[in-house]
Amino acid sequence: MARVELKNLRKEWLGATAAVAGVDLAIEDGAFVAVLGPSGCGKTTTLMMLAGIYQPTSGEITFDGARVNDVEARGRNVGIVFQSYALYPNMSVLDNIMFPLRFKAIERADAERRAREIAALVRVDVLLDRRPSQLSGGQQQRVALARALVKRPHLLLLDEPLSNLDAGLRLTMRTEIRRIQRELGVTTILVTHDQIEATTMADRVVVMNGGRVEQEGAAEDLYERPDTLFVASFIGSPPINLFDGAADGSVLSVHEARIPLAVSASGPIVLGLRPESLQVGEGGTPARVTAAEPMGREVLYTADSAFGVIRFLEAGAEPRHREGDNVPLGFAPESALVFDKASGRRLDVRIAA
Amino acid sequence: MATEHSIAVGTPAARPDWQALARRTWRTRFTGQSALLAFLVVVSVPIILPYFWMVVIAFTARTGGVGSDVLWTACAVIVPAVLVYSLVHMSVASSRLRLATGLILLAITGTLLVALVGERLHLNNFRFLWRADFVEELRSKATSGAQFPSVWRAFFNSLALAVSQTVIILTVASLAGYYISRFAFRGRNAFLQGLLVLHAFPAMTLIIPIFLMLYWIGLLDTIIGVMLVLAAIELPFYVFVMKGFFDGVPWDIEMSAMTDGATRRQAFRLVVLPQVRVGLIAVAVFAFIRAWEEYIFVRTFLIENTNWVMSLYLFWVADDVMGVDYGIVAAVAVFYVLPSLLLYVFCQKYLTQMTIGGIKG
Numbered sequence: 001m002a003r004v005e006l007k008n009l010r011k012e013w014l015g016a017t018a019a020v021a022g023v024d025l026a027i028e029d030g031a032f033v034a035v036l037g038p039s040g041c042g043k044t045t046t047l048m049m050l051a052g053i054y055q056p057t058s059g060e061i062t063f064d065g066a067r068v069n070d071v072e073a074r075g076r077n078v079g080i081v082f083q084s085y086a087l088y089p090n091m092s093v094l095d096n097i098m099f100p101l102r103f104k105a106i107e108r109a110d111a112e113r114r115a116r117e118i119a120a121l122v123r124v125d126v127l128l129d130r131r132p133s134q135l136s137g138g139q140q141q142r143v144a145l146a147r148a149l150v151k152r153p154h155l156l157l158l159d160e161p162l163s164n165l166d167a168g169l170r171l172t173m174r175t176e177i178r179r180i181q182r183e184l185g186v187t188t189i190l191v192t193h194d195q196i197e198a199t200t201m202a203d204r205v206v207v208m209n210g211g212r213v214e215q216e217g218a219a220e221d222l223y224e225r226p227d228t229l230f231v232a233s234f235i236g237s238p239p240i241n242l243f244d245g246a247a248d249g250s251v252l253s254v255h256e257a258r259i260p261l262a263v264s265a266s267g268p269i270v271l272g273l274r275p276e277s278l279q280v281g282e283g284g285t286p287a288r289v290t291a292a293e294p295m296g297r298e299v300l301y302t303a304d305s306a307f308g309v310i311r312f313l314e315a316g317a318e319p320r321h322r323e324g325d326n327v328p329l330g331f332a333p334e335s336a337l338v339f340d341k342a343s344g345r346r347l348d349v350r351i352a353a
Numbered sequence: 354m355a356t357e358h359s360i361a362v363g364t365p366a367a368r369p370d371w372q373a374l375a376r377r378t379w380r381t382r383f384t385g386q387s388a389l390l391a392f393l394v395v396v397s398v399p400i401i402l403p404y405f406w407m408v409v410i411a412f413t414a415r416t417g418g419v420g421s422d423v424l425w426t427a428c429a430v431i432v433p434a435v436l437v438y439s440l441v442h443m444s445v446a447s448s449r450l451r452l453a454t455g456l457i458l459l460a461i462t463g464t465l466l467v468a469l470v471g472e473r474l475h476l477n478n479f480r481f482l483w484r485a486d487f488v489e490e491l492r493s494k495a496t497s498g499a500q501f502p503s504v505w506r507a508f509f510n511s512l513a514l515a516v517s518q519t520v521i522i523l524t525v526a527s528l529a530g531y532y533i534s535r536f537a538f539r540g541r542n543a544f545l546q547g548l549l550v551l552h553a554f555p556a557m558t559l560i561i562p563i564f565l566m567l568y569w570i571g572l573l574d575t576i577i578g579v580m581l582v583l584a585a586i587e588l589p590f591y592v593f594v595m596k597g598f599f600d601g602v603p604w605d606i607e608m609s610a611m612t613d614g615a616t617r618r619q620a621f622r623l624v625v626l627p628q629v630r631v632g633l634i635a636v637a638v639f640a641f642i643r644a645w646e647e648y649i650f651v652r653t654f655l656i657e658n659t660n661w662v663m664s665l666y667l668f669w670v671a672d673d674v675m676g677v678d679y680g681i682v683a684a685v686a687v688f689y690v691l692p693s694l695l696l697y698v699f700c701q702k703y704l705t706q707m708t709i710g711g712i713k714g
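Top to bottom, those sequences are chains G and E. For the first sequence, the working numbering assigns the number 1 to the initial residue and increments by one for each residue that follows. For the second sequence, the working numbering assigns the number 354 to the initial residue and increments by one for each residue that follows.
These aren't lab readings, by the way, just hints derived from the structure by calculation. Warning: the hint list may mix true and false statements.
Among the chain G residues that face chain E by a calculated CB cut under 10 Å, a handful are [claimed, not checked]:
#1 L14
#2 A18
#3 A51
#4 I53
#5 F63
#6 R74
#7 R76
#8 Y88
#9 P89
#10 M91
#11 L128
#12 D159
Label pairs and their in silico Cβ distance ranges [claimed, not checked]:
#13 E:M443 <-> G:L171: 47 to 53 Å
#14 G:S237 <-> E:M443: 29 to 35 Å
#15 G:R67 <-> E:R539: 26 to 32 Å
#16 E:T378 <-> G:R123: 46 to 52 Å
#17 G:G324 <-> E:R382: 56 to 62 Å
#18 G:E318 <-> E:R380: 40 to 46 Å
#19 G:W13 <-> E:Q619: 49 to 55 Å
#20 G:W13 <-> E:P562: 41 to 47 Å
Please read all numbers here as calculations on a predicted model, not as lab measurements. For each residue, glycine too, the CB sits at the ideal point set by N, CA and C.
Full structure from sequences and hints, please.
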């Protein structure tokens with residue numbers, strides 16, 4: 001178990017832009033952190049540098065304060081679960097789990113006992129004689145997890161571990177991985193592009209984009225107080241409504257709508273409204289429903305309004321408004337997010353009630 | 354109304370005659386399959402017949418001449434049996450019944466063959482295996498004067514050549530293939546193209562320069578010289594093949610092994626190599642057989658009769674202006690072809706996978 005720190009970490013590939021362009025991150029001992037971002041944002045590259053597979057171009061990685069940049073992968077005592085699970089097809093499940101112990105000074109009987117213990121923990125103890133090709137995706141995933149944990153790693157790295165599983169299994173594995181992590185108390189970093197995975201499993205979420213950390217914090221912070229336009233648009237499903245507009249002193253103009261501001265501001269801005277923060281109610285902006293999509297316990301509507309095309313959610317299984325209905329659409333002033341268009345940063349601008 | 358009806362798009366067609374359609378499908382399939390089978394039989398005749406004849410001659414010919422009557426008698430018995438069996442194999446669904454027919458046919462042909470040609474069979478043509486001086490019997494002592502080494506000498510020379518080829522090619526091709534597959538280095542593409550050009554280059558054109566080089570180095574007329582030349586000429590292709598197999602092994606597995614505590618070399622040995630097993634077996638078999646059947650280079654670079662390999666032995670047995678004992682030539686040929694045949698039979702399932710070059714998880 002270790003406290004992990006990244007200081008201004010960079011990775012540049014020959015003749016390409018930096019895959020990781022200066023990442024600073026501190027992960028407490030025993031914490032479960034999710035690194036969330038779209039594909040190509042540098043999250044897997046960061047993970048590979050932590051594992052010791054890629055050498056950072058510059059910057060520093062420390063485990064418990066000690067610099068490990070020049071320590072080889074095999075010396076770092078890091079467990080890793082790959083997206084493809086990367087089980088060794090030529091070995092049985094037991095041999096797969098015992099593989100990391102081969103390189104340690106451990107008696108075979110002792111190693112086997114440890115492998116069986118960890119197999120019981122991840123619930124694959126009945127599969128030990130099989131080959132990886134005879135296992136289902138979920139079972140392979142568990143074996144990969146057991147193999148990563150058997151050497152009692154300082155750090156557990158999970159690279160999109162759930163993305164090859166079907167929806168039901170993903171749900172079970174999410175809770176399973178969380179349970180195992182709590183039981184062992186191992187510092188864990190999960191890399192994913194799925195925000196649900198990140199927010200449900202991790203204590204803290206780090207959002208990455210273009211090789212940089214956009215924001216880090218608890219899931220609800222990222223949702224309610226996104227620092228940047230990117231975080232606002234990446235987190236939340238269905239995605240946030242974004243409207244280009246301009247602030248001119250005390251008035252915000254978006255398309256045909258004019259909104260009074262509590263604090264004066266000026267310049268081009270982007271207004272963000274979460275679909276779930278919009279409500280149909282007296283005194284709202286008129287909007288004409290163009291589509292209604294039932295999603296189970298709520299309905300997602302698309303409507304034309306003074307802001308432009310807008311999406312909003314309403315609780316209830318059955319649509320209450322139909323195509324062509326005119327509804328007044330309002331929102332709580334504090335739920336509106338205002339961003340500077342040029343920098344993408346959130347502005348501390350309040351909308352007047 | 355009538356005009357409206359005629360422009361309607363989806364006029365329902367007449368109900369199709371499903372049975373007629375099914376019959377037609379069955380007919381097309383049957384004629385197609387029969388034509389394919391007939392074609393395969395016809396093209397395989399010129400391949401199988403010479404081998405069969407070789408075996409027949411080896412076991413029946415006596416000094417003085419070769420008759421084809423045994424061949425035709427045997428064919429007259431075996432061909433109908435094979436035809437009957439293939440018909441049964443195609444039309445009978447039960448595997449037990451097919452096996453039973455096969456066994457019965459085998460028994461019938463066996464009995465017929467023994468009855469018709471049994472007394473013509475003999476092993477006398479194989480006496481070269483235990484008598485090195487059989488040539489003196491055939492030709493006058495003056496012309497052959499202890500020219501022939503024991504066949505086992507040639508056999509072990511061939512074996513040494515083929516085994517060393519296999520070992521050299523396996524080692525170099527797997528290491529080089531792995532390196533090219535995994536590492537980016539300056540000139541990698543040029544190297545790959547170079548490999549292909551080398552493979553496309555007709556090696557025969559080099560035979561005189563190589564002869565001179567071997568002479569200067571002092572390796573002319575040694576098995577080691579031929580070994581090195583053959584390995585150099587064959588390697589580019591096998592390096593390329595092995596690179597293809599390594600390309601099919603996912604990176605993740607290797608990275609995983611290294612984070613699990615293995616060194617790069619251990620990861621290669623414990624995790625990567627087992628996954629290209631099929632490729633290694635295929636390369637080994639082809640390298641072995643290629644060296645086993647080699648003729649031109651050994652004919653050029655090996656001179657002393659103690660250095661003969663099997664192909665040279667066969668050549669010298671057959672080479673006689675005074676008339677050839679085809680019985681012995683055929684027997685030597687059978688003896689020569691046996692190891693490669695056995696190798697093919699045992700490794701056939703791996704060889705067919707070589708073209709796929711894939712890795713199964």
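> For which of the previously enumerated hints does the structure constitute a violation, in increasing order of number?
Replying inline: The structure breaks hints 2, 5, 11, 14, 18 and 19; every other hint is satisfied.
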